[in-house]
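**Q** Sequences and hints are given; from them, build the entire structure.
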Amino acid sequence: MSKKEKILLKAAIAFALMFAVTPAVNAMHIMEGYLPVKYCIAWGAICVPFLVTGLISLKKRVKENRKSIMLIAMAGAFIFVISSLKIPSVTGSCSHMTGTGLGAILFGPAAVSVLGIIVLLFQAILLAHGGLTTLGANTFSMAIAGPLLSFGIYQLCKKMNVNRKISVFLAAFLGDIFTYCVTSIQLALAYPSEAGGVAASAVKFLGVFAPTQLPLAVIEGILTVIIVIGLEAYAKPELKAIGFLKEAK
Amino acid sequence: MIVVDKLCYRSGLRYVNAGEKFAFSMITLLFCVISRSLVIAGIVFAVNAYLTVKKGHIAAKQYIKLLAVPFTFLILSTLAIIVNISKVPLDAYAIPVGSFFITGSFQSLLFGIQLIATAMASVTCLYFLSLNTTMTDILGVLTKLHCPEILTELMLLIYRFIFVLMDTASAIMVSQKSRLGNRDFRTSVNSFGKMAAGLLLRAFKRSNALYDAMESRCYDGKIRVLEENHPARKKEIAAIAVFELILLVLTIWRSFL
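Here the protein sequences come in this chain order: A and B. Per the numbering used here, residue 14 is the first one in the first sequence, and the count goes up by one each step. Per the numbering used here, residue -11 is the first one in the second sequence, and the count goes up by one each step.
Everything labelled a hint here was simulated from the structure, so no lab data went into it. Model, not experiment: these values are computed from the prediction. Careful, some of the hints might be misleading.
Pulled a few chain B residues facing chain A out of the computed Cβ check, cut under 8 Å [stated by the list, open to error]: (1) K(-6); (2) T131; (3) L133; (4) H134.
Pairs of lysine-lysine, DSSO-like flavour, derived with a Cα cap of 30 Å [said to hold, decoys possible]: (5) A:K23 - B:K42; (6) B:K165 - A:K249; (7) B:K53 - A:K76; (8) A:K249 - B:K182; (9) B:K210 - B:K193; (10) B:K132 - B:K(-6); (11) A:K178 - B:K193; (12) A:K73 - A:K172; (13) A:K73 - B:K223; (14) A:K72 - A:K172; (15) A:K171 - B:K42; (16) A:K253 - B:K193; (17) B:K182 - A:K178; (18) B:K210 - A:K99; (19) B:K165 - B:K42; (20) B:K132 - A:K73; (21) A:K72 - B:K132; (22) B:K43 - B:K193; (23) B:K43 - B:K182; (24) B:K210 - B:K132; (25) A:K253 - B:K182; (26) A:K253 - B:K210; (27) B:K42 - B:K53.
Covered stretches of chain B, as calculated for chain A (at least 3 residues, CB under 8 Å) [claimed, not checked]: (28) 13 to 24; (29) 59 to 70; (30) 110 to 117; (31) 171 to 178; (32) 209 to 223.
Backbone N, C-alpha and C define an ideal beta-carbon position, used for all residues, glycine too.
**A** Pasting the structure below:
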């Protein structure tokens, strides 16, 4: 073996080991302190209009029916619990769902944006997934961009009369993929590559996270479908109450 | 179930004024991220580790385990920053692959190390807050900072419900396991989905019952709890001020160097 080949082999082994010892695979939370200050502030600022819209719509819902605050809070806790539980995975490493795709389908993107920032705050403080300085960036990718796309796809499929199971799968799956793409772009904007700039950097980030994120998105899609089937079987009145199923069918 | 939440109730610094702890960790975190220097990261890491392990009585082993949580993200994304694929080799290292090079520069290596140090130091700031302050105390601070009322109320409710739902979820999962619900990949995926559906259904039912119970006790949209009052001590405030001043001087000094 030449010297170069040896180095390459060592690098390959190190890379393989890294996946072997991986303690947990999460949806891509940007960790605490990883983004420069101006990006933290910028992403935070971008989130503000979405949050204000979400808060206003929540306030309206609560005013109409005080009971709904309990329901919304339960939904938030549900998203947190679902995302903190280990889900079955093929590789043996433990991974977690994001749960925001399901939330967007069931409760609408406005509610999820507010619930998302609360869940992300709890995840940062209680589980150290994500962080306080990166809360803005994480909120944008996970509580705004992903759920909005999920919701849009679900509505589009509904209009086109696609089978509900397929549309739920597509919404959750593509929402996850989109979140992962947005996070990669956020990282790339903050850290453009020395050779090739932002675009090359984005490709690199997409590349290193692909092995963990792609299987996760598929599993999340399948799980979301199973959850929705289960809910349709046992919780029809509740689904009608939150407006997921149409009244009088 | 949630380790951090359990530990913070046992912390030796639990009864220190929450505002003090909040201010300390937030300002230190800011300096960490703004300065991006190895020296400041080192100091912050050492001080936070000392405070949390020695004063807060968190077991060192547990602390190290917790610090390893964001490890995957840290390694993967730093790798993406320091490794480049380009047609021209850079100065630190270059491995030719076909007509391209896997390459990086000394500057980016140094940058990567700085980034890892900053990120780890920031994580210790976050842990200082979360391992020594209970969530209800943090919510108290947020209320004092005039966070919108509906947001703090939602947070309080969600925080409470998390534990209720986690109990339910773990009970369902135990009974699934005892019935071979995790036999192979297919069944475990199916079990997890059904557990989640059942969990949401119960959450809905519970929220109805809870609302009735609270309304019968005159719930009008505000949950008023008596707050334990632990006044800030002058000595602690002085110590925090001196520490942040040192960080400020270091930050300014480093940026002119």
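**Q** With reference to the structure, classify each hint as holding or not holding.
**A** Quick rundown of the hints versus the structure:
no. : hint             : in the structure
1   : K(-6)            : 10 Å, violated
2   : T131             : 14 Å, violated
3   : L133             : 13 Å, violated
4   : H134             : 14 Å, violated
5   : A:K23 - B:K42    : 39 Å, violated
6   : B:K165 - A:K249  : 27 Å, holds
7   : B:K53 - A:K76    : 45 Å, violated
8   : A:K249 - B:K182  : 15 Å, holds
9   : B:K210 - B:K193  : 22 Å, holds
10  : B:K132 - B:K(-6) : 25 Å, holds
11  : A:K178 - B:K193  : 25 Å, holds
12  : A:K73 - A:K172   : 27 Å, holds
13  : A:K73 - B:K223   : 47 Å, violated
14  : A:K72 - A:K172   : 29 Å, holds
15  : A:K171 - B:K42   : 58 Å, violated
16  : A:K253 - B:K193  : 14 Å, holds
17  : B:K182 - A:K178  : 15 Å, holds
18  : B:K210 - A:K99   : 34 Å, violated
19  : B:K165 - B:K42   : 40 Å, violated
20  : B:K132 - A:K73   : 24 Å, holds
21  : A:K72 - B:K132   : 21 Å, holds
22  : B:K43 - B:K193   : 43 Å, violated
23  : B:K43 - B:K182   : 44 Å, violated
24  : B:K210 - B:K132  : 15 Å, holds
25  : A:K253 - B:K182  : 20 Å, holds
26  : A:K253 - B:K210  : 28 Å, holds
27  : B:K42 - B:K53    : 16 Å, holds
28  : 13 to 24         : holds (count 7)
29  : 59 to 70         : holds (count 10)
30  : 110 to 117       : holds (count 6)
31  : 171 to 178       : holds (count 4)
32  : 209 to 223       : violated (count 1)
Hint violations for this structure: numbers 1, 2, 3, 4, 5, 7, 13, 15, 18, 19, 22, 23, 32, all remaining hints satisfied.
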